[in-house]
Amino acid sequence: GAGVSQSPSNKVTEKGKDVELRCDPISGHTALYWYRQRLGQGLEFLIYFQGNSAPDKSGLPSDRFSAERTGESVSTLTIQRTQQEDSAVYLCASSPSGLAGDTQYFGPGTRLTVL
Amino acid sequence: KQEVTQIPAALSVPEGENLVLNCSFTDSAIYNLQWFRQDPGKGLTSLLLIQSSQREQTSGRLNASLDKSSGRSTLYIAASQPGDSATYLCAATGTASKLTFGTGTRLQVTL
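Each protein sequence line maps, in turn, to chains A and B. Letter by letter, the first sequence follows residues 1 to 115 in the working numbering. Letter by letter, the second sequence follows residues 1001 to 1111 in the working numbering.
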């Protein structure tokens, strides 16, 4: 079946602009995660959605970052007033139940470059 | 706060050699430890997942071990091939299924 997909694959924007990144999880997966990978650094957790529960936003670096998820499907990560330090690869993952023992399946990522 | 460290940061070996990648974590209260492979321009591929109650997992030429008490995991790759060239990431699963990743080991297998 189809894996996790993300769009766009690459995004170049100017400092101060808003961007939206999209993630389509694997059908039927109730949990969805966003991570960020800056150059030379490890992946950082950003936000976690589990079913209809309130999302865990503890990893969002500032109030310029927000994310939404429609039911158990598509999620959008929005970055407002982008800064150069926001340049990174943004990875989305989904898992069947969100339990700690689940494998997370990752999408190919969106490479964001802020000029 | 969980911290995950991977050594070495980069490794180059000739084809056919066996190799070991190391991962250490500071908080032993983990649910599991995962090893991933990351290829340029692609997402992460899960290689092995070791539950906290397990000591090791094997898949083909890959073997991963876990020692929770010492906060260490190793990934052993037997008879390396050029196709194994990639960045290998380990990640510890804590509460709420959040993964804490290491910075990775970039592996190059040469002909």
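For the record, the hints were derived by calculation from the structure and aren't laboratory data. Do not take every clue at face value.
Claimed, not checked - For lysine-lysine, the following DSS-like pairs were computed, each having C-alpha atoms within a straight-line distance of at most 30 Å:
#1 A:17 to A:57
#2 A:11 to B:1068
#3 B:1068 to A:17
As the list claims (entries may be wrong) - With the Cβ distance kept under 10 Å, some of the chain A side facing chain B (calculated, not the full set):
#4 2
#5 8
#6 12
#7 33
#8 41
#9 58
#10 60
#11 61
#12 62
#13 65
#14 66
#15 71
#16 73
#17 100
#18 102
#19 108
Ideal Cβ positions, reconstructed from N, Cα and C, are used throughout, including at glycine.
Hints versus structure:
Straight-line distance between C-alpha atoms of residue 17 of chain A and residue 57 of chain A comes to about 22 Å, which keeps the hinted pair within the 30 Å bound. The straight-line distance between the Cα atoms of residue 11 of chain A and residue 1068 of chain B is roughly 40 Å, outside the 30 Å bound, and the hint therefore fails. Annotation: proposed proximity of residue 1068 of chain B to residue 17 of chain A is violated, straight-line Cα distance about 45 Å (limit 30 Å). A least Cβ separation of about 13 Å between residue 2 of chain A and chain B goes past the 10 Å threshold, and the interface hint is therefore violated.
With a least beta-carbon distance of about 13 Å to chain B, the hint placing residue 8 of chain A at the interface is violated under the 10 Å criterion. Restraint check, residue 12 of chain A versus chain B: the minimum CB separation of about 16 Å is more than 10 Å; hint violated. With its C-beta approaching chain B no nearer than about 8 Å, residue 33 of chain A sits inside the 10 Å limit, and its interface hint holds. This hint holds: residue 41 of chain A has a C-beta 6 Å from the nearest C-beta of chain B, less than the 10 Å allowed.
The beta carbon of residue 58 of chain A is positioned within 10 Å of a beta carbon in chain B (closest approach about 8 Å), and the interface hint is therefore held. Restraint check, residue 60 of chain A versus chain B: the minimum CB separation of about 13 Å is more than 10 Å; hint violated. Annotation: interface hint on residue 61 of chain A violated; nearest CB of chain B at approximately 15 Å, more than 10 Å. Contact between residue 62 of chain A and chain B, as hinted, is not supported at the beta carbon level, the nearest pair being about 19 Å apart and thus beyond 10 Å.
A hinted interface residue such as residue 65 of chain A counts as satisfied when its beta carbon comes closer than 10 Å to some beta carbon of chain B; here the least separation is about 16 Å, so the hint is violated. A least Cβ separation of about 18 Å between residue 66 of chain A and chain B goes past the 10 Å threshold, and the interface hint is therefore violated. Annotation: interface hint on residue 71 of chain A violated; nearest CB of chain B at approximately 19 Å, more than 10 Å. This hint is violated: residue 73 of chain A has a C-beta 19 Å from the nearest C-beta of chain B, more than the 10 Å allowed.
Hint status for residue 100 of chain A: holds, given a least beta-carbon distance of 4 Å to chain B, under 10 Å. Hint on residue 102 of chain A holds. Least Cβ distance to chain B is approximately 7 Å, under the 10 Å limit. Taking 10 Å as the C-beta contact cut-off toward chain B, the hint placing residue 108 of chain A at the interface holds, the least distance being around 4 Å.
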